[in-house]
Amino acid sequence: MHPAYSVIIFTTLSGMGYGLLFWLAAAGLSGSIAMDGVFGSIAFGAALLMITLGLLSSTLHLGRPERAWRAFSQWRTSWLSREGVAAVVTYIPAMLLAVGWGVFEDVSGIYAVAAGLTMLGAGVTVWCTGMIYACLTTVKAWHHPLVAPIYCILALLTGAVVLNGLITFWFNVEKNIIWLGLAVICVAWLMKAVYWEQIDSAPHTHTAGDATGLARFGQVRVLEEPHTQANFVMREMGYQIARKHAEKLRLLATIGLFVIPALCLLALLVATPGFAVVLGFISVFSASLGVLVERWLFFAEAQHIVMLYYGAQSN
Amino acid sequence: MTVLPSSTEKKLGLVIDLDTCVGCQACATSCKEWNTGGYSAPLSDADPYGSDPDGVWLNRIHGYEVVSDATSRTVHFPRSCMHCEEPACVTVCPTGASYKRAEDGIVLVNPDTCIGCKLCSWACPYGAREYDPHHGVMKKCTLCVDRIYNQTLDEEDRVPACVRACPTGARHFGDLGDPTSEVSKLVAERDGYGLMPETGYKPVNQYLPPRPRRDASTVPVSAALSSADDNDQDIADRFFRWADKMLSR
Amino acid sequence: MAQAEPKVDVNAPVGDEVKTTTCYMCACRCGIKVYLKDGTVRYIEGNRDHPVNKGVLCGKGSAGIMQHYSPARLTAPLKRVGSRGSNEFEEISWDEALGLAAEWLADVRKRDPQRFALFTGRDQSQALTGWFAQQFGTPNFAAHGGFCSVNMAAAGLYTFGGSFWEFGEPDWEHTRYFMMFGVAEDHGSNPIKMALGRLKGKGVKFVAVNPVRSGYGAIADEWIGIKPGTDGMFIAALIRELLINEKIDLQSLVSFTNAPWLVIQDEGARDHGLIARTEDGKPLCFDRASARVVEATQTDISPALTGEVTLSDGRKAVPAFELIAHRFLSGAYAPEEAEKITGVAASTIRRIAGELANAAFNSNVELDIPWTDWAGRRHEKMIGRPVSFHAMRGISAHSNGFQTCRMLHLLQILLGTIDAPGGFRYKAPFPRPAPPPLKPAGRAGTVKPETPLQGALLGFPTSPQDLLVDSDGQPLRIDKAYSWDAPIAAHGLMHMVLTNAANADPYGLDVLFMYMANMSWNSSMNIPAVLRYLTETDTETGDYKIPKIIYSDAYYSEMVPYADLILPDTTYLERWDCISMLDRPISDPDAPADAIRQPVIEPDRNVRAFQTVLLDLGARLKLPGFVNETGEPRYPGGYADYIVNHERAPGIGPLAGYRGQDGTLYGIGEANPNQLQLYIENGCFYAHELEPAQRYFKHVNKDYLDWAVSVGFIDAAQPITFQLYLEPLQRFRLAAEGHGAIQPPDSHRERIKRFFDPIAFWYPPFEGAHLDEEAFPMHAVTQRPMAMYHSWGSQNAWLRQIHGFNRLYISRKRAQELDVSDDGWVWIVSAIGRVKAQVRLMEGVNEDTVWTWNAIGKRSGTWGLSKDAPEAKKGFLLNHLISELLPEKEGGYRFANSDPITGQAAWYDLRVRIEKAGDVEIDETWPQFEPIGIGTDRKPPKFLAFGESFKNDGKT
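Protein chains in written order, with the numbering used here: chain A, 1 to 315; chain B, 1 to 249; chain C, 1 to 956.
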């Protein structure tokens with residue numbers, strides 16, 4: 001699948017934003033972080049900014065962005081529509097919570113309800129994002145039970161890393177949240193590793209013969225493409241990445257997304273305040289880069305079944 | 001309106017005969033011609049006279065060779081929207097621009113409400129949806145919905161443009177939901193099949209497989225005439241005797 | 001809770017106007033209906049009432065809109081101001097353009113009319129263009145048949161007064177077995193496609209004989225991947241098997257052919273091998289009933305097909321059939337021998353022969369239609385021989401094409417299929433006598449200043465007396481047609497004109513006028529040489545070797561930059577045309593038919609139809625027939641005026657339908673001023689349905705022959721005797737052996753002796769025979785893609801997406817030997833050059849053959865395309881590899897790379913070797929020529945959104 005930058009940036013930013021939102025709400029509810037108005041304003045501002053930028057970025061992918069509002073209508077069948085609805089709805093509790101924390105330094109009562117709803121909304125939104133891909137039976141690498149959970153865990157991971165990064169500015173470190181971040185990294189790493197292993201070993205059960213129904217006569221080979229130049233389907237669905245490049249990029253994603261942030265978090269446990277800020281910055285930067293690479297690979301490695309008509313021998 | 005109708009009154013679709021398709025592209029260009037001025041107008045062409053021309057086409061013709069140990073054959077393979085009974089391209093649509101008509105099962109994109117998110121094209125296993133970057137919306141086969149009911153056309157012309165043009169008669173149009181229709185009978189007679197049924201999309205369009213060849217791989221050698229290994233003169237003498245005898249009768 | 005579906009306007013009218021006309025996206029001439037909306041072409045579809053396509057339309061026809069709106073359309077007359085090929089032109093007025101052309105032509109006509117030549121390409125108005133040249137007084141006229149399919153046309157016309165495509169076609173309705181040689185995609189393409197679909201539905205076996213399994217071959221029940229140029233050997237072996245197994249229609253040979261005619265056997269005599277005739281020229285045969293030699297054309301005799309007889313002068317003679325049988329019974333044509341040459345297994349040849357025989361003789365196809373033969377004998381039934389064939393350029397574009405086509409016709413005749421139900425069927429105005437009684441005009445001494453030539457310029461020589469040669473045996477025509485180089489050049493040799501004119505061999509030209517022929521590119525062999533011929537100057541005068549070139553075309557082709565005066569033509573939707581019974585009509589076997597084009601849309605540019613321009617020029621030159629008694633233009637209304645009012649013979653004009661003042665006459669009748677209107681009302685064609693009793697055996701059918709005479713198709717209701725033994729060839733051969741007053745130059749004697757065999761035979765194509773086959777082991781041919789017609793399709797925004805460039809197709813086996821994989825690059829090397837191309841591996845190709853799609857490669861900058869168009873960067877032509885001349889023979893003479901009998905260009909003789917290209921630095925074919933033309937300075941649009949204006953709702 002063609003890795004469209006608008007979509008990659010969208011899922012990266014919005015995942016990070018919702019992850020941060022989720023952790024903030026959770027922290028607010030559990031009292032894990034001190035109620036500081038300025039911190040709250042900035043943290044929520046950052047989360048909502050990332051979410052908003054992500055959503056705006058996603059509209060760059062549209063042919064008719066001015067009609068984007070129509071996308072809220074088909075929540076009954078469409079995960080993309082659901083995601084849009086959930087994203088917008090989540091703004092309400094999230095902004096309420098932001099006001100409670102940032103202005104009133106209070107997360108009880110109505111704000112507590114808002115926090116709960118924010119966590120729910122963030123989770124649902126990211127789950128919907130993952131399901132946009134996971135529901136497509138046409139792309140085997142996406143139609144996998146781990147796809148939506150990985151979207152969620154990576155949102156939590158990047159959200160946790162950002163949260164820890166923010167905390168280093170204000171409060172030096174919150175050990176509980178560091179441990180939490182480390183735990184999320186471990187789980188995410190495991191899930192992604194399992195996912196990669198499984199898509200690599202998944203049998204290619206479809207052939208060009210199956211796609212054309214001509215398998216009974218033998219092996220199907222392309223003699224002439226419909227047109228001599230590539231078309232939309234080939235450009236959109238036919239993106240291919242060489243195996244060795246993919247392996248390098250997977251390594252890069254692993255290091256950026258899991259290894260460096262984990263090391264940074266561990267180091268935070270013992271770091272001086274000044275150094276903590278640096279570590280926080282490095283971990284955020286690394287995780288961002290890591291998730292961008294992971295997302296890029298998520299597209300680039302995915303093979304669409306339609307390419308069987310265009311010369312792919314199996315899918 | 002991406003909730004699919006629980007059932008459709010008809011299942012209009014195409015039956016494509018791979019035994020007679022010669023790959024002439026008549027269906028492809030007549031489709032392009034009709035639809036660039038019809039319901040989906042225009043079907044834009046990027047870089048039309050330049051180095052990388054790439055237009056929107058709703059029907060594309062592949063050429064394949066099918067190879068087994070002993071034999072091979074060339075098959076021309078037209079491919080367009082299957083107007084599936086379970087079209088995920090419709091259900092994934094966030095705006096309702098994609099829909100399946102309850103009356104005849106045609107899958108359409110409303111060009112006035114499509115936002116061009118391209119998700120439907122990802123959901124289609126058949127590559128039937130083509131994005132029009134100039135128009136910013138998705139285009140697809142309409143089964144010539146603006147022809148097949150068109151009262152301004154003669155009744156015999158109320159068929160999709162591709163069917164109307166096809167010189168070899170390899171394309172048939174009708175109600176595949178009605179077992180007594182001509183197309184349904186054709187499918188039954190010729191073991192017609194839908195593409196990739198295992199994907200669960202339940203394609204309505206059906207393909208008729210190529211008929212068995214009648215060549216050295218299938219025809220017994222006994223059908224050949226006898227050979228003569230005599231010398232030329234004996235052969236000629238015998239032949240002339242026969243000719244004489246025949247003319248003397 | 002379902003939302004309402006959007007309302008779809010299913011009743012939008014297609015357009016506000018619909019007009020019928022005739023397609024010109026290839027040469028098939030299908031009927032079309034053109035829908036217009038707000039003055040723009042909205043939709044083109046096949047006309048259901050039309051006899052050719054009966055409603056269907058091919059991939060090209062359906063893309064006609066993009067041809068009409070092509071960016072390559074010429075917009076105004078142009079005069080060259082820079083050097084040739086520099087593309088420096090200035091726009092001039094029509095008055096100036098026509099004045100200039102008339103001045104040039106008048107000058108030549110006054111001095112030496114033969115120094116003017118008019119050659120047209122895929123023109124459909126040869127009745128007019130030929131007449132123009134004739135009235136001008138130059139013999140130098142022809143259309144493109146010489147580089148197309150003249151072998152097929154001439155072989156058929158000389159053998160049985162018909163041929164394929166416009167001359168006749170398989171009886172699709174009744175045939176039980178169909179065999180197709182080669183691919184003939186632009187010759188009757190929709191009729192063939194429609195028929196193949198029906199045949200397959202009926203279970204009629206379809207055999208494709210073709211080195212390549214593409215298009216039609218893909219759906220054949222059996223594909224025979226023969227080596228190019230060996231079809232004749234394959235057919236000869238089939239004939240041998242049929243003879244040996246006694247599976248021929250002897251009765252029809254006796255009744256319809258010259259098989260019983262006695263051939264003089266007197267080696268060395270001046271009439272050896274000629275037909276024994278009576279004093280007044282009637283052929284003789286041996287009557288078995290009376291045991292006497294008698295006139296062969298009598299009806300109540302029993303002619304013998306075998307046995308030597310003694311003629312009244314004491315000399316020996318044998319029936320032609322005996323000679324023919326001996327030829328084909330020879331072991332040289334045994335299937336095992338054929339297998340070595342053709343690559344087709346002997347067992348397959350035997351099996352196919354058996355299948356042919358079985359279908360021809362055991363199918364019991366009979367029509368319960370009584371008919372009367374030429375002698376007045378009534379037959380209760382029409383007995384079928386339901387085996388049919390089709391072939392065109394595939395077998396004819398070889399240097400052995402004429403004799404190969406002859407063999408195919410011989411096969412048909414032996415099976416008795418000609419105009420029998422289920423076999424081959426004639427299309428009016430054919431059959432004509434074999435050959436038609438028409439000799440080429442322009443013999444020595446008849447070409448004089450300001451003097452028209454008497455008679456048509458293209459004809460059918462039957463003896464050396466008919467040749468256009470001077471007293472030294474040297475050619476009189478610029479293309480050397482009807483000379484000893486190509487005595488039976490029925491369509492001329494357009495492909496040799498530039499070469500011969502530039503080399504002043506036999507003489508130079510002053511003005512060359514060409515129409516619709518891309519002679520500086522895909523219609524010529526050896527393009528680098530041709531470009532030299534076009535641009536070389538005479539060292540003494542400084543003038544170009546071909547001093548003045550006038551070119552008329554609708555589009556900016558590769559030829560345009562090399563002309564001095566451009567007369568821009570209209571598109572096919574903007575013009576009148578006449579698909580005439582005098583030229584190449586659209587007849588159906590059941591219904592003679594002709595057609596017109598009408599302008600369905602007005603030109604928006606300063607262009608004029610070529611035919612109207614030619615009439616204007618003729619009037620300016622005051623050519624007889626082009627002006628009336630007072631010297632005023634005879635056809636001031638242009639081509640439409642001519643179509644209606646021109647008479648070739650009294651009462652016979654371009655159109656056969658709606659003649660006479662009231663439009664009720666067919667064939668012969670006075671001009672009808674409403675004729676075009678009546679054609680338009682009838683869908684732009686007229687088809688005359690034949691009576692059932694006239695529909696078969698037309699060559700001997702009294703009802704048909706009488707009717708054909710009455711409408712002017714033929715001169716006399718005489719039976720048309722099939723010439724299995726082609727006596728005219730023997731006359732040329734005798735001349736080569738030293739008999740008669742007109743003899744070939746010594747350089748030509750051996751060639752004439754060898755190839756002018758009155759009995760068809762197979763010989764290896766010249767290129768293969770001249771070359772070291774080990775150095776050039778592969779054959780290289782082209783095929784016509786179904787969605788492209790010659791070079792025209794590349795300017796078409798839709799069609800060029802389908803074929804934007806071409807690859808070289810090669811068998812997987814050969815590719816593996818070369819270590820080349822899909823999309824790898826190779827060099828194609830011939831005796832005269834090399835071309836680099838990208839390959840595609842395939843199974844369905846003869847292992848010793850490589851091939852590519854024809855005419856996809858374009859010169860950078862032409863056809864309204866950007867300089868970096870894939871057609872130029874990744875497309876290629878094989879033309880660069882084909883020499884227009886054969887290697888020098890002893891004495892230094894170089895024959896054209898053509899059939900020795902007709903002069904047909906031997907495109908498919910090409911031999912090559914394939915070399916893997918080393919490291920490819922750029923993904924580009926080679927050679928790349930200097931960009932040329934309008935594409936270089938026009939910025940192409942980023943998007944074409946044709947049809948946007950048809951959206952009537954204005955919604956976003």
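It is worth saying that the hints were derived from the structure and are not from the lab. Be careful, since some hints might not be right.
[Said to hold, decoys possible] Below, a list of computed lysine-lysine pairs in the DSS-like style, where the Cα atoms sit at most 30 Å apart: (1) B/K245 with C/K282; (2) C/K7 with B/K118; (3) A/K140 with A/K244.
[As the list claims (entries may be wrong)] Some chain B residues judged to face chain C by a derived CB distance under 8 Å, without partners named: (4) Y39; (5) S44; (6) Y149; (7) A165; (8) T168; (9) E182; (10) K185; (11) L186; (12) R190.
[What the hints assert, rightly or not] Just a sample of chain C residues kept apart from chain B, beta carbon distances all over 12 Å, derived: (13) I65; (14) E185; (15) Q251; (16) R270; (17) E366; (18) P437; (19) A775; (20) A869.
Since the model is a prediction, treat every value here as computed from it, not as a measurement. Every residue gets a Cβ at the ideal spot worked out from N, C-alpha and C, and that includes glycine.
The hints, checked one at a time:
1. B/K245 with C/K282: holds (27 Å)
2. C/K7 with B/K118: With a Cα-Cα distance of about 23 Å, the restraint between C/K7 and B/K118 holds, given a limit of 30 Å.
3. A/K140 with A/K244: holds (20 Å)
4. Y39: holds (7 Å)
5. S44: holds (5 Å)
6. Y149: holds (4 Å)
7. A165: holds (5 Å)
8. T168: With a closest approach of 4 Å, the B/T168 hint holds.
9. E182: violated (13 Å)
10. K185: Interface hint status for B/K185: violated (14 Å vs cutoff 8 Å).
11. L186: violated (10 Å)
12. R190: It is violated, given that the least Cβ distance between B/R190 and chain C is near 10 Å, above 8 Å.
13. I65: violated (6 Å)
14. E185: With a cut-off of 12 Å, C/E185 comes too close to chain B, as the shortest Cβ separation is near 8 Å.
15. Q251: Violated, since 8 Å does not exceed 12 Å.
16. R270: holds (28 Å)
17. E366: Fine: 20 Å to the nearest Cβ keeps C/E366 off the interface.
18. P437: With a cut-off of 12 Å, C/P437 remains clear of chain B, as the shortest Cβ separation is near 31 Å.
19. A775: Check passes; 30 Å lies beyond 12 Å.
20. A869: violated (6 Å)
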